[in-house]
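Residue strings, one per chain:
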Amino acid sequence: MKIKIMLTMLLLLNFLNPALATSIENMERTRAALISVMLDANMNADKKQNKLKSFKLRLLDSERIVINDKKIIQNPDRYTIRAFEEYELSFLVHASIENNLDISDHWFNQMGLTTSNLENTRLITK
Amino acid sequence: MTFRLTKYFIILIICGSNFMISKSVFALTNNANWKPQIVEKMYILPPKQLNRVLNNDFKSSSLAATLNNKDLKIKTRHGRIKELNNSILTFDGDEKIELQHQLIVEKRDYIKDMHQLLKMKKKELKIKKEFYKQIENKMNIKNVANKQNQNMFKKREKIIKRTSILDDKIFDNLLISSGDMTKYSEAYSKNKNAIIILKKAIAKHPMSNFNDKNNSPKDKISSIRSYIENIETETAIIELKEEMLNYMVKLVALDAMNLAENISYINDDNNQAPNYNDPNDALEFFIN
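So the protein sequences, as listed, match chains A and B. This note's numbering puts the first residue of the first sequence at 1, with every later residue one more than the last. This note's numbering puts the first residue of the second sequence at 1, with every later residue one more than the last.
So here's chain B without its partners, still in its complex pose:
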């Protein structure tokens, strides 16, 4: 009776595992989420820093927390499967069957957790990709606008260069000779000096060159594109892992079927024991 129940239970595992996996994954991926909370101004950051900010933002999301939990769960399941595999070799009979059954259940749960983990990782990569795509589009739009204003930009730069060297001359020729300064002129000379000091400090800063390396619009776009490419590669790897997981599911199902077959074979053996429901078997009792 117990064997028959176990058999049905194992068959139930095989049939139900796929359904359960997909259903639980759907529920889980719906609950755990991540919406990058990055303000518009962050978009101007160099790609490397932007990536760091994005990763930090992800770490504080519910999706990251669920991913970490799942990671720990998988780690413990991994250890348990290893333990059960070793124990099976030391037992026989009903205990061995019980351990085999436990192993199948544990494998099923491992696959379920791994499937969820991969789904969540895929979700994370998808959100990251969308984020970078958004930045790429914004940069493309900005570049088009910049190209249109390039001529004006060059002219303005030229004028700034021409006028910046005139400040001392203006001060000597105009402001001193006129005797009084306007409110703006006073503030201008004060702030101009402060700006010059700050610019020098920026040029001296060790991180200043680091930022300049990838700060041209072309470099920035190519860096963003390389991030997108990396994300696509990672997604492809996850898809490969999912395929591998499908084979694992098949193998567990085959193991379960094998166990069910073994149990039914033992059950049949028990059923084939001599029964005494035929009067012919009792004939000898009466003829003596």
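Looking at chain A on its own, in the form it has when it is part of the complex:
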């Protein structure tokens, strides 16, 4: 009985507490979508290119919104702190343009998935 009441309370609290999307959450969502398109092996090249183009523009907007959000540093949550600490991986569009790289190349570089790294891995595993 007690468990039922508690579960009802939790559900109610969940409904009463609407999910407020902050600028950082929107950016993370777009970034995740872009990376999933990037890593999708089943998508054909043209479709992937078009999708990436559109996501890049959306991510650029999201990044600019985050950068210009003055309130973001007031009581920042762990996602915000992490995003600001890892600029190269969080602000993908800006960082890739800064490094004169395509967004995919930049992300793979940051993740350590470069051609030479992969070749070295292959050599070691041989």
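Do not rely on the hints blindly, as some may be mistaken.
[Stated by the list, open to error] Now the in silico label distances, taken between C-beta atoms and shown as ranges:
id	chain 1	residue 1	chain 2	residue 2	range
1	B	Lys-147	A	Asp-69	19 to 25 Å
2	B	Ala-65	A	Ile-81	24 to 30 Å
3	A	Thr-114	B	Arg-225	56 to 62 Å
4	A	Thr-114	B	Ser-222	37 to 43 Å
5	B	Thr-182	A	Gln-74	23 to 29 Å
6	A	Arg-78	B	Ala-65	25 to 31 Å
In short, the hints are calculated from the structure, not lab data. These figures come from a predicted structure and were not determined experimentally. The beta-carbon is built from N, C-alpha and C at its ideal position, and this holds for glycine as well.
Start from chain A and add chain B according to the hints.
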């Protein structure tokens, strides 16, 4: 008879003046009031401007109006006391006593008004001090919060610096190549240009440097603290003036007592005139 009445009246003045002063001051300070009507956003103003806004706010209060009236009243009383002091020297006898009596009453009223004025000034300073204390507390709280976010602030500043120089590159590499711009990108480039123009205008503005001088949180707090210190000094000066006023009250009371003594002495002299209620005094009429 009239002298006796005057004597009692003067004694009444001496005894009643203190009570009247305190009672009227209480009533007056209750009626005249000032509640700073400064909105929260004004708190971010530089201390000098904030002080000016606060002074202007005070000028429109009922306390300021009453203070001004009292100031004028004191000015007229001052002139009247001076006039009476000069006139006393030119008169003698009953007229002189009458003038002395008027002078004491005028002095009493002057002290009463001055006492009220000082009380109101004290009230004004107290409200000002409370206001500044409130701002100081708010700034201290804000500083603590800022210290916690300082690290994030620095990181954000660094990112802004890094990304601000990329705008042209982004436009050339991404937006032109993609062919179409999003709604936000369009608005961003438009507003960004406007913001840059406005920032340049702000930097060129003569008042911009003036504000920067005292706008760092440390300077702001020290300015607010110096205002509080000044207020405390002014309050201490008013307290000194109040002490001086107490001596004035004593002196007026002594003057009144002296006048009462003089009147009673004249009265006694009148009473010591020969009376004819003893048959011995009329003896000579009968023995001749």
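In this structure, is the beta-carbon distance linking Thr-114/A and Arg-225/B contained in 56 to 62 Å? Once the Cβ atoms are compared, 58 Å apart, the range 56 to 62 Å for Arg-225/B and Thr-114/A holds.
Could you check the hint for me, namely that Thr-114/A and Ser-222/B are 37 to 43 Å apart, CB to CB? violated, 54 Å
In this structure, is the beta-carbon distance linking Arg-78/A and Ala-65/B contained in 25 to 31 Å? violated, 57 Å
So does Ala-65/B sit 24 to 30 Å from Ile-81/A, Cβ to Cβ? With Cβ atoms ~55 Å apart, the hint is violated.
Distance restraint evaluation - Lys-147/B, Asp-69/A, Cβ atoms, bounds 19 to 25 Å: holds, 21 Å
Mind checking the hinted window 23 to 29 Å against the Cβ distance between Thr-182/B and Gln-74/A? holds, 27 Å
Of the hints listed earlier, those the structure fails to meet are numbers 2, 4, 6, in rising order.
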